[in-house]
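Student: In case you want the letters, here they are:
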Amino acid sequence: GENVEQHPSTLSVQEGDSAVIKCTYSDSASNYFPWYKQELGKGPQLIIDIRSNVGEKKDQRIAVTLNKTAKHFSLHITETQPEDSAVYFCAVLTGTASKLTFGTGTRLQVTL
Amino acid sequence: DAGITQSPRHKVTETGTPVTLRCHQTENHRYMYWYRQDPGHGLRLIHYSYGVKDTDKGEVSDGYSVSRSKTEDFLLTLESATSSQTSVYFCAISELDGYTFGSGTRLTVV
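Protein chains in written order, with the working numbering: chain F, 1 to 112; chain H, 1 to 110.
Check each hint, because a few of them may be wrong.
In silico DSS-like cross-links for lysine-lysine, where the CA-CA straight-line distance does not exceed 27 angstroms [claimed, not checked]:
no., chain 1, residue 1, chain 2, residue 2
1, F, Lys71, F, Lys22
2, F, Lys68, F, Lys42
3, H, Lys11, F, Lys71
4, F, Lys57, H, Lys53
5, F, Lys22, F, Lys42
6, F, Lys58, F, Lys68
7, F, Lys37, F, Lys57
8, H, Lys11, F, Lys37
9, H, Lys70, H, Lys53
10, F, Lys57, H, Lys57
11, F, Lys37, H, Lys57
12, H, Lys70, H, Lys11
Across the chosen pairs, the derived CB separations fall in these ranges [claimed, not checked]:
no., chain 1, residue 1, chain 2, residue 2, range
13, F, Asn31, H, Asp56, 34 to 44 angstroms
14, F, Ser9, H, Ser69, 16 to 26 angstroms
15, F, Gln45, H, Ser67, 26 to 36 angstroms
16, F, Leu46, H, Thr71, 34 to 44 angstroms
17, F, Thr69, H, His10, 18 to 28 angstroms
18, H, Thr108, F, Ser9, 16 to 26 angstroms
19, H, Thr71, F, Gln45, 21 to 31 angstroms
20, F, Gln81, H, Thr82, 38 to 48 angstroms
21, F, Gly16, H, Gly51, 22 to 32 angstroms
22, H, Lys70, F, Gln81, 22 to 32 angstroms
23, F, Lys71, H, Ser83, 31 to 41 angstroms
24, H, Glu27, F, His7, 25 to 35 angstroms
By construction, these hints were calculated from the structure, which means they are not laboratory data.
All values derive from a computational prediction rather than experimental measurement.
From the three backbone atoms N, C-alpha and C, an ideal C-beta is built for every residue, glycine too.
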């Protein structure tokens, strides 16, 4: 089955700095790569996604890049704010029935 | 989250007892999923459904069963709860690829 690795597991940045989280996957047929943000006590929420026919996508302060040849994709958050502090998960769409395989998560802490 | 609710939100149960968690959606989405979330493991798929009475196993299905008799409801049953099933359980719905997650059920097996 699909294997998704996510790094780093924890990340601490100062407010205003950038944060980058990276994921690698194993199945070259995968074609959809979403990122989720999970705040304490809540379910994960989709923040941005990218499909295999696109190399980069931006939405205000967040962006995702995809390198299909190397089978990795990254989440970039610029001008970080305290409200960006949360756990972030990458995911990869696998096979049929729209099944997502998740990375193990990155705990991002934005300090003042 | 709007359109998807999980119940109960919290439950403490004893080892060996059966437990059923409920996921209810109002979005009429075809696909429904049960994940468990544990530290260091992220979210792992337990079972999923691709239609009424159509279900299949995920990567961590041992000890769990599911049922979907109506489009809107997807039930997860632990036939005989064990301490290793202490976890936070999330239900998700999807029509194509974007998932919407419920708020989760925190289950403690003592």
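Student: Are Lys37(F) and Lys57(H) close enough, with their CA atoms no more than 27 angstroms apart?
Tutor: Distance ~26 angstroms between Lys37(F) and Lys57(H) Cα, so the pair holds.
Student: Is the hinted range of 18 to 28 angstroms satisfied by the C-beta distance from Thr69(F) to His10(H)?
Tutor: For Thr69(F) and His10(H) the Cβ distance comes to about 46 angstroms; the hint is violated.
Student: Given a hint of 34 to 44 angstroms, does the C-beta separation of Asn31(F) and Asp56(H) actually sit inside it?
Tutor: violated (21 angstroms)
Student: Can you confirm whether the C-alpha distance between Lys57(F) and Lys57(H) stays at or below 27 angstroms?
Tutor: Since the Cα atoms of Lys57(F) and Lys57(H) sit roughly 33 angstroms apart, the hinted pair is violated (cutoff 27 angstroms).
Student: Measuring from beta carbon to beta carbon, are Thr108(H) and Ser9(F) in 16 to 26 angstroms?
Tutor: With a Cβ separation near 25 angstroms, Thr108(H) and Ser9(F) satisfy 16 to 26 angstroms, so the hint holds.
Student: Is it true that Leu46(F) and Thr71(H) lie within 34 to 44 angstroms of each other by Cβ?
Tutor: violated (22 angstroms)
Student: Given the hint that Lys37(F) pairs with Lys57(F), test it: the Cα-Cα distance must not exceed 27 angstroms.
Tutor: Holds, because 17 angstroms separates the two Cα atoms, which is no more than 27 angstroms.
Student: CA of Lys57(F) to CA of Lys53(H), is that 27 angstroms or under?
Tutor: violated (38 angstroms)
Student: Check the following: the C-beta atoms of Ser9(F) and Ser69(H) are separated by a distance inside 16 to 26 angstroms.
Tutor: violated (40 angstroms)
Student: Given the hint of 21 to 31 angstroms, check if Thr71(H) and Gln45(F) actually sit that far apart at their C-beta atoms.
Tutor: This hint holds: roughly 23 angstroms between Cβ atoms.
Student: Hint says 26 to 36 angstroms; check whether the CB-CB distance for Gln45(F) and Ser67(H) agrees.
Tutor: For Gln45(F) and Ser67(H) the Cβ distance comes to about 27 angstroms; the hint holds.
Student: For Lys70(H) and Lys11(H), compute the direct alpha-carbon distance and say whether it is at most 27 angstroms.
Tutor: holds (24 angstroms)
The structure fails hints 2, 3, 4, 10, 13, 14, 16, 17, 21, 22 (numbered hints given earlier, in ascending order).
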